[in-house]
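Peer 1: Spelled out from the first residue to the last, the chains are:
There are 2 protein chains.
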Amino acid sequence: MAQGIQRRLAALRSKMAEKKIDYYMIPTSDFHGSESVDDHFKVREYFSNFTGSNGTLVIGAETAGLWTDGRYFIQAEKELAGTGITLFRMFEEGVPDIPEFLQSNMGDGQTLGFDGRVVSTKEGKSLEEKLKDRNIRFAYAEDVADGLWEERPDLPKHEVMVLSEEISGQSMQEKLRAVRAAMKAAGTEYLMLSKLDDLMWLINIRGKDVACNPVALSYGFITLHEFYLFIQQEEVTEEFARYAKDNLIEIRDYEEVTDFLQRYDYKGRVFVDEGNLNYALYKILTQRAECQAGDNPTESLKAVKNQTELSHMEKVYLKDSAAVIKFIYWLKKNVGREEITELSAAEYMDGLRREIDGFLDLSFPTISAYKENAAMMHYDASPESAKKIEALGMLLLDSGGQYMGGTTDVTRTIVLGEIDPEIKKHFTKVAVGMLQLTAAKFLYGCTGRNLDILARQPLWDIGIDYKCGTGHGIGYILNVHEGPQGIRWRYAPGMKDAVLEEGMVISNEPGVYIEGSHGIRTENIIVVRKGEKNTDGQFMYFDTLTFVPIDRDAIDTAYMQPADIERLNRYHEEVYTRTKEYLTEEEKEWLKEVTKPLKI
Amino acid sequence: MAQGIQRRLAALRSKMAEKKIDYYMIPTSDFHGSESVDDHFKVREYFSNFTGSNGTLVIGAETAGLWTDGRYFIQAEKELAGTGITLFRMFEEGVPDIPEFLQSNMGDGQTLGFDGRVVSTKEGKSLEEKLKDRNIRFAYAEDVADGLWEERPDLPKHEVMVLSEEISGQSMQEKLRAVRAAMKAAGTEYLMLSKLDDLMWLINIRGKDVACNPVALSYGFITLHEFYLFIQQEEVTEEFARYAKDNLIEIRDYEEVTDFLQRYDYKGRVFVDEGNLNYALYKILTQRAECQAGDNPTESLKAVKNQTELSHMEKVYLKDSAAVIKFIYWLKKNVGREEITELSAAEYMDGLRREIDGFLDLSFPTISAYKENAAMMHYDASPESAKKIEALGMLLLDSGGQYMGGTTDVTRTIVLGEIDPEIKKHFTKVAVGMLQLTAAKFLYGCTGRNLDILARQPLWDIGIDYKCGTGHGIGYILNVHEGPQGIRWRYAPGMKDAVLEEGMVISNEPGVYIEGSHGIRTENIIVVRKGEKNTDGQFMYFDTLTFVPIDRDAIDTAYMQPADIERLNRYHEEVYTRTKEYLTEEEKEWLKEVTKPLKI
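Residue numbers (numbering that gives the first Met the number 0), protein chains in the order written: chain A, 0 to 599; chain B, 0 to 599.
None of these hints come from the bench; they were simulated from the model. Any given hint could be a false lead.
Facing chain A, according to a computed beta carbon distance under 7 Å, are these residues of chain B, among others [stated by the list, open to error]: (1) L442; (2) G444; (3) R448; (4) D460; (5) G462; (6) I463; (7) D464; (8) R489; (9) Y490; (10) E531; (11) N533; (12) Q537; (13) F538; (14) A562; (15) E586.
Quick list of in silico lysine-lysine cross-link-like pairs, BS3-like style, CA-CA up to 30 Å [stated by the list, open to error]: (16) K529(A) / K423(B); (17) K121(A) / K387(B); (18) K440(A) / K266(B); (19) K532(B) / K495(A); (20) K183(A) / K529(B); (21) K332(B) / K529(A); (22) K183(A) / K495(B); (23) K598(B) / K424(A); (24) K532(A) / K466(B); (25) K129(B) / K495(A); (26) K424(A) / K386(A); (27) K587(A) / K325(A); (28) K387(B) / K129(A); (29) K495(A) / K121(B); (30) K495(B) / K124(A); (31) K495(B) / K129(A); (32) K529(A) / K282(B); (33) K529(B) / K423(A); (34) K595(B) / K332(B); (35) K423(B) / K532(A); (36) K423(A) / K495(B); (37) K124(B) / K532(A); (38) K332(B) / K495(A); (39) K131(A) / K266(B); (40) K131(B) / K440(A).
Ideal Cβ placement from N, Cα and C applies to all residues, glycine included.
Please take these sequences and the hints and turn them into a complete structure.
Peer 2: Here is the structure:
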């Protein structure tokens, strides 16, 4: 393999020389900045052999470097061995980032090449800024690696599905009116929209072009009166063609977008989201029209779920919760009796979800991490590495589904045998934090930064932190991660915060990750609701969507105040009453037992 | 009086006509944006009769309006009666703010006058921006009201005092090096400094030109090699003249600053703090040099107290706490037996402070608010209005002193007789919040926005909010309010947050304010400290400086978790052991009783 990579790099270098490109950069992205990408876009993997989800390859005439983050250092070392590619460990002390590397390695007047379609405007402009003293030319208009990649998979092409209003709860036209109002309020005539989940939400369609994310590759160019949708012809069904006609959507081919933007006769300013629009299209727009940067209005509109969406989600979450309960019951009963691995456990879980009516896909690949593997936040078991699960320690299971009626995400850490008192302490603190955040009553205007400490404080009290946010927004039959809301504590000057609005859906997932020992995460999904309004303001609170027991075998009430125990007991009571109808008699009996109130 | 005001306004209007000024604006400020102002600067009061601490008068040829906030609506109505001045209730629905008023009242090409020295650069630029469509001329170079004000008090002139290094803990030269490093880091050659407490901190001097704030009217113009201080000659003692010479401070007359800035030969950029520099000086600077906006580096340096400052503060706070304990003891013993009013109680408290060695001044006028008066956050008892205090309800006492060794600020709400269960509930929730915030352990990087909810949540839980921040920074022998840190929850796009740094001193003062019924505030001062550092990061915590009992007569443990009760008991134990040496036998005996642990 390593020799194969060297040959591929040699071919790339000779093409670079031909095009007078001194350094060529290959990130991991599609044309829309999606979190996961289809095989067609795995150019970096093709030229480096590195398979991790995050990584950027930079190739010079004699050097080649790959930048990735701490999750992948060990894997990248193995996969890069013999390729001649140097591993740059991102965020480690003394390791230059890519702009720093280019600053010190590129000569004055040299050329940096990259496919401008897989780099965001924000990244591109940041590179421009950081390299401006170097008089560097950017060659971004061409995918130099294309043509060199033999048997490159085609762009994914799957037919899109139109959502009925019974499922979407709001017509495309209503949504479009709100979007156009936001465009006008921003003083813009046009909106260039390339964020796939935002487009799906707006049009009320779903696709299958990105694994686990039900989106279709597409671009939208929205004027105050027209709507141009750029999408592959193969994806347009008869149903969608009719729907498009009814909704005055002008369908154009996906590839036509560049040409269209080059020729369009702009009469006003174009609203662009620099974090999501790709650099190549941005350069066209900014050469032809005045661009105004801002956040996609679609993002915040989409984040607030409507009543129809919420009521579907409530139902879907109960069924999804019941599947997880079934899984826990099965695992506890069978562990130590039959051979179960991290992978077979995940498959069992996935199988339970597939049986739920309306199942479409997983919302992300199931994370099934046994014992110390759970300390890796994004552990991904492979057939070779999958650990055997025994009647000892704990299994962390983080999983979710895409259903016609909602996207789910839930994590439980399941006790399989004897565990240390220290682990119980950690587990209890995580549960206390999760329930404390859920119980928050807060004034309208709060953002996740105000509330994060409610989940984190029980752990900070014992000198432990989890190195990630407490929560992320969740899509509706869409991406399992969406913005703009989040529950995070860290501050950086200039950063934006989203006020928690009624109807936003968000995860609540504190955890403990002790390298080489154990990992704990307890994740519920919660909805922002309006509560009492009085002279002091509008109070808000959270409702819970997820109803799966929190393993009492790892709870030590010595670390709980009476209020914490009451919260857990109330939650467990609800878990039982809400999910029992989906369970067998055996499962119900077991659930009754494991949700019994703890003594205060 | 009202007729007198009409005459004064007539005189002002004829001078406005002479100067071709269509509208003239008189805010309440000195040349340095100080929170309180000396009598010399009370121009708005002279022309309106309105004596509140916040208010802006706008005069047109036929109209006159006064803008003030909710604290002063009733008072302003009375004081403005018969003057012909309209009251504009700030922040009420449908009430225009001043720029909106000017937008709709000023004609194209008209002139707006104001004394540019009492308007900040930020306010001035905001007016420019908001009136830019109107082609409005700004006449800001002259105090038009001057000359019309007969017997206007002179500028305050008090001799400055030089602090020894035993008191300041850091020499002026060391501080100046840090300031110059920040100037260089910002790419600037000069710093125009006009914030009085920052200047006092930097030079290690104190003045007496603003009531309760030990500052001297002055400006600093700092280059990378020189330091020009503009100060009234009458304030320069022989000692200070010597000190200035030793420290290479070039003393110039206070009035010379304008001329100096106009003639200076600028060779680089000038660092200015637009929120604190006045508009008149800014206009001179920006016409002559390139200005770079930023926060005064002095502000964040000053906020982090050094070891010497902290150890003096610890001692001063114990003595100050003991004085408050003496007051509470006296009040509880004598209420109902002798005539005590809000004002005489405040005087008694102030008298106890004056007896403490090193006493310089109060740090703000003592707030002594009985029963429903305590619901007004900034209640100011006057000889006419002062309520008689009886053996009923509660007295809220918010007070503090300036000592050679620190600035204090403390609030207790003291029970004098029977109180409602509802009030006990509120009181208990306030105490729980205050102690919960004090107990926070948090990662370095947190700002007040992350922590505010710890104090507020017990009240939000019962649908009550206090309409102010939880805490403000506190100066060292300086202003009782200082930045940049604060404990607040509200978010607005673009706002800045200050990370809580080791050595910052901050108030912790949740409260309940029920109009017409009662007010509760419990305020301790806390210091940010470094705690454990591990692989998860640097943990921080708070130490407490204030040791005064929290009135157990208003505590209802039904609203406390065991952890809350433990915190209160631990705090009370410390109150006793730390302050007893300053108390008489009688007081000690009483304190022992009121700090006994509550049962869990």
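Peer 1: Looking at the structure, which of the earlier hints fail to hold?
Peer 2: 12, 15, 17, 18, 20, 21, 28, 32, 36, 37, 38 and 40
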